[in-house]
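All chains should be modelled from the sequences, with the hints used to inform the complete structure.
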Amino acid sequence: MDEFQEILQDFLVESFELVEKLDEDLVELENTPEDLELLNGIFRVAHTVKGASSFLNFDVLTHLTHHMEDVLNKARHGDLIITPDIMDVVLESIDLMKALLNTIRDTSADAGIDVSACVARLDKISGGDGEVAAVESLATPVEEEPAVEEELDFDSMSDEDVEAEIERLLNQRQDEDKAKRAAKIASGEKVPEVPPAPSEEEQKETSSSATPPPPPPPAPVKPVPVPPSSDAKAAAPAKKAPAIVEQTIRVDVKRLDHLMNLIGELVLAKNRLIKINDDVEERYEGEEFLEELNQVVSIVSLVTTDLQIAVMKTRMLPIGKVFNKFPRMIRDLTRELNKKIELEISGEETELDKSIVEEIGDPLVHIIRNSCDHGVEMPDIRVAAGKNETGTIKLKAYNEGNAIVIQIDDDGKGLDIDMLKNKSLEKGIITEKESDTMSDKEAFALIFKPGFSTAAAVTNVSGRGVGMDVVKTNIEKLNGIIDIDSELGNGTSIKLKIPLTLAIIQALLVGVQEEYYAIPLASVLETVRISQDEIYTVENRSVMRLREEVLSLVHIGDIFEVDRILDANEYAYVVVLGLGAQKIGLIVDSLVGQEEIVIKSLGDYLKGIEGIAGATIRGDGGVTLIVDVVALMQMAKGVKATVATQAQTAQISHEKLKASDYKVMIVDDSKTDRMIMRKALESTGITLVEAHDGQEALNVLKSGEHNFDAMLIDIEMPRMDGYSLATEIKKYNKYKNLPLIAVTSRTGKSDRMRGVESGMVEYITKPYSADYLSSVVQRNVNFKSEFL
Amino acid sequence: MSDKLKQIINKQAEQQDVGLDQSNDIVQLVGFIIGEEEYAVPILTIQEIIKPIPWTRVPQTPPYVLGVFNLRGSVIPLIDLRVKFGLGAKNHNDETRFFVLKQDDEVAGFVIDRLTAAIRLKKTDIGPPPDTIASAESMIDGVGKQEGKILTILKVNKLLERDF
Chain A
1 MDEFQEILQD FLVESFELVE KLDEDLVELE NTPEDLELLN GIFRVAHTVK GASSFLNFDV
61 LTHLTHHMED VLNKARHGDL IITPDIMDVV LESIDLMKAL LNTIRDTSAD AGIDVSACVA
121 RLDKISGGDG EVAAVESLAT PVEEEPAVEE ELDFDSMSDE DVEAEIERLL NQRQDEDKAK
181 RAAKIASGEK VPEVPPAPSE EEQKETSSSA TPPPPPPPAP VKPVPVPPSS DAKAAAPAKK
241 APAIVEQTIR VDVKRLDHLM NLIGELVLAK NRLIKINDDV EERYEGEEFL EELNQVVSIV
301 SLVTTDLQIA VMKTRMLPIG KVFNKFPRMI RDLTRELNKK IELEISGEET ELDKSIVEEI
361 GDPLVHIIRN SCDHGVEMPD IRVAAGKNET GTIKLKAYNE GNAIVIQIDD DGKGLDIDML
421 KNKSLEKGII TEKESDTMSD KEAFALIFKP GFSTAAAVTN VSGRGVGMDV VKTNIEKLNG
481 IIDIDSELGN GTSIKLKIPL TLAIIQALLV GVQEEYYAIP LASVLETVRI SQDEIYTVEN
541 RSVMRLREEV LSLVHIGDIF EVDRILDANE YAYVVVLGLG AQKIGLIVDS LVGQEEIVIK
601 SLGDYLKGIE GIAGATIRGD GGVTLIVDVV ALMQMAKGVK ATVATQAQTA QISHEKLKAS
661 DYKVMIVDDS KTDRMIMRKA LESTGITLVE AHDGQEALNV LKSGEHNFDA MLIDIEMPRM
721 DGYSLATEIK KYNKYKNLPL IAVTSRTGKS DRMRGVESGM VEYITKPYSA DYLSSVVQRN
781 VNFKSEFL
Chain B
789 MSDKLKQIIN KQAEQQDVGL DQSNDIVQLV GFIIGEEEYA VPILTIQEII KPIPWTRVPQ
849 TPPYVLGVFN LRGSVIPLID LRVKFGLGAK NHNDETRFFV LKQDDEVAGF VIDRLTAAIR
909 LKKTDIGPPP DTIASAESMI DGVGKQEGKI LTILKVNKLL ERDF
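Just so you know, the protein sequences line up as chains A and B, in that order. Using my numbering, the first residue of the first sequence is number 1, and each one after it goes up by one. Using my numbering, the first residue of the second sequence is number 789, and each one after it goes up by one.
Simulated from the structure, these hints should not be mistaken for lab results. Hints are supplied without guarantee of correctness; some may be wrong.
List time: in silico DSS-like cross-link candidates among lysine-lysine, alpha-carbon distance up to 25 Å [unchecked claim]: (1) A:LYS495 / A:LYS449; (2) A:LYS441 / A:LYS423; (3) B:LYS872 / A:LYS607; (4) B:LYS878 / A:LYS702; (5) B:LYS890 / A:LYS607; (6) B:LYS910 / B:LYS890; (7) A:LYS663 / A:LYS784; (8) A:LYS607 / B:LYS943; (9) B:LYS890 / A:LYS254; (10) A:LYS396 / A:LYS477; (11) B:LYS946 / A:LYS607; (12) B:LYS933 / B:LYS943.
Partner residues are not named here, just some residues of chain B that face chain A (Cβ under 10 Å, in silico) [said to hold, decoys possible]: (13) PRO842; (14) THR844; (15) THR849; (16) VAL853; (17) GLY855; (18) PHE857; (19) GLY861; (20) SER862; (21) ILE864; (22) ASP893; (23) LEU948.
Residues of chain A placed beyond 10 Å of chain B at every Cβ, according to the derived structure [as the list claims (entries may be wrong)]: (24) ILE7; (25) ARG250; (26) MET378; (27) LYS427; (28) ASP469; (29) ILE504; (30) LYS583; (31) THR687.
We put the beta carbon where it would ideally sit given N, CA and C, even for glycine.
So, in structure tokens, the structure goes:
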């Protein structure tokens, strides 16, 4: 039973791949009915499936493919010209074959599908007594007879061959599996046989080397859209030495996924290593071992990156796998809609992560259906408009930086902006005011709004209740961006920009207060630094002028409910986010840098939190949340401006009206020392706050209760010493200019140097006179003499 | 010699019997304190107990969700049981622990005030929760009686269930 299952699995994988290729070939065949190589290739597919299914006792499938084979064989011998009507029947039979294969996959049996009607039609064609065939066929009945005979003869022979072949190949494969070697069919084993056999063998060759993917589909399948060449290879066994067949190995996708996860961990560890290396470098500058460490770190980092790319590549599939089904779809649509449409495909060899390839199919189907249905006009209208009667839809894929772009262009009627606006107004998607201020791009983007459908009449083709908004959601789920452009009368162009992989992305890390967030770099257009007075408030919203545009702003803290304890600096950083036509400026406190991050889910408990797409683990082991730019843009609409008002209040509190408005913190672990300082400063009337050590001082600062004008810091303290404290304080924008005064008995030159390095502005050595301390403090806080 | 062997085998058999008895009648729990009360969860639902480590706040969550933390490469939510039970937050101290509970594929960390002990309770010593709070929505699985103390046994699946 197990053995049967194994054979069955192989059979299914192989058949599905053959069938996939078949679709493309058949459409191609309709255009060039005389292409004998193409016909041969298609015939062999039907033949292979038939042979294998009869061996596995799938009678219904055998029955169907047998009759398909009859028709194709006739065509192959020139007894039959493939007309669109015949093609319809053939395509129908292929659909049935697919359905049967699906049933077999699910139930291990091929019952439940009625093929008799289709078989009858096939018979009609091949039998030559049917109307269709009789009219179309150029061959006389006399000529037909031998063809059938020959066919039968061929059939009985090759059936045995197929069985023998399958058994032999299976044995071979099992052996190879044991040996864990790439699937390689030894040419030496090939026994000299009757003519049909070598071609059969060759077909097996190509298909067996074509089967190993999911992940890396090897050469024979790759150049899909140029079927003649791939078929030529298959059709000319003599020219092609079996040894050249690309060596592949079939791997369970789960293993690759696991590998990808492990790489993810490794990337995290690498980031961490780099961070530690930087720290060590800072601390032990000039030491000899540093160079060695540097070398090792850079090698590890390099190899990790390469490894990541390599593993990513194993998961890559050419997008042709998705594009394949479109020629057939367009063909069916044109017949259904009575339009004339040509599909041009390019860049199908562009590779994408397997998981994305799987997700991208449906949105593309929808877009193309839309283009056919709503985009391209009826032939007579096209002619009237001075266009070519046949409409063209161009489907192309290409790489752009770290992303791949899929572009769908049609030369149809284009989008009518006024119509779009009116429709949206009617449906209440936008308001009158919005419609007036809307840019063209924004108007085009209306078709992605939920509840929008441009077709006046709902047709079978595209209008099925699911609109383009579903397409948009699906693309955005992949971290992709959708962009639309159109010219009235000249056509529409839709661009999908999709990241190469889902698991690891480039991100911009930004800081707000003490928190950090990662923003996917794909949606970051630019970053700018502006001063607070460049922010204007319009209708309760913050905006800024960015070159020629007015950009609406939102503070990341308002979106993520960050308590703003530490006031914003005089300057703000604005990250300009772009998603299609939408743009928004996100105000952050600091920009940390660009980093490669591994996306991790927040788990079931926290999933679906608005504005958060996931989390990542940073080099220091901490967790950083990843911003969901799509959701953020939505949320930004509901957030009121707080930026400007904040800055104002901060200004007011800096005004000093009396001596006690000045605040100085004394940080010292010795009570006596604190006493001495207090005594020295008491006479000035300055408000004094005490802390016992660095940690406590930092907490006081963070609590935001006080606004300090200066700090007196002892160096020797438990928990956190003065240097570390100073370094920590200087990390905050708000305290960049807070004067830190060291008060210590350490008098060494190197101590002073360290003090300066950590950001201390003054260095008072113990013992000191009360007056000296007081004067230093007064100087640093800009104490107004009239308060004395 | 063979007698000795027999004895040993018999002894082992006896011990196994005892072991079986235990697994049938005895529930193993780990007790912990939140506020003034002692609570417990079944020992097998605990993945690990760790000392507090830094975590990252997650916005748009109720106050009792402190955020997420990194447990050897996994991002795990952290829930403050004090806040969840309406007691108000408290600074973490030396006795504070993170309980990492796991059931099926759900994992979450819970902040507790103090660990007490591993507890073995006879099933007969565990009563149903008081009628007033016994409902499907209740987080309480039962009440254990132990030398004059009362122990609230929590439903782990309820703890791990998102309720916002």
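Verification of the supplied hints:
1. A:LYS495 / A:LYS449: holds (17 Å)
2. A:LYS441 / A:LYS423: This hinted pair holds, its Cα atoms lying about 16 Å apart.
3. B:LYS872 / A:LYS607: holds (19 Å)
4. B:LYS878 / A:LYS702: holds (18 Å)
5. B:LYS890 / A:LYS607: holds (17 Å)
6. B:LYS910 / B:LYS890: holds (23 Å)
7. A:LYS663 / A:LYS784: holds (13 Å)
8. A:LYS607 / B:LYS943: holds (22 Å)
9. B:LYS890 / A:LYS254: holds (24 Å)
10. A:LYS396 / A:LYS477: holds (21 Å)
11. B:LYS946 / A:LYS607: holds (17 Å)
12. B:LYS933 / B:LYS943: Measuring from Cα to Cα gives roughly 17 Å; hence the hint holds.
13. PRO842: Hint on B:PRO842: holds, closest Cβ of chain A at ~6 Å, below 10 Å.
14. THR844: Holds, about 4 Å.
15. THR849: Holds, because the Cβ-Cβ distance from B:THR849 to chain A comes to roughly 7 Å (cut-off 10 Å).
16. VAL853: Holds. Min distance 7 Å.
17. GLY855: holds (8 Å)
18. PHE857: Status holds, d = 6 Å.
19. GLY861: holds (6 Å)
20. SER862: holds (8 Å)
21. ILE864: holds (7 Å)
22. ASP893: With a closest approach of 8 Å, the B:ASP893 hint holds.
23. LEU948: holds (7 Å)
24. ILE7: Fine: 35 Å to the nearest Cβ keeps A:ILE7 off the interface.
25. ARG250: holds (29 Å)
26. MET378: It holds; A:MET378 is separated from chain B by about 50 Å at its closest Cβ, greater than 10 Å.
27. LYS427: holds (30 Å)
28. ASP469: Since the minimum Cβ distance to chain B is about 23 Å, A:ASP469 lies beyond 10 Å and the statement holds.
29. ILE504: holds (14 Å)
30. LYS583: holds (23 Å)
31. THR687: holds (26 Å)
The structure is consistent with each of the numbered hints, conforming to all of them.
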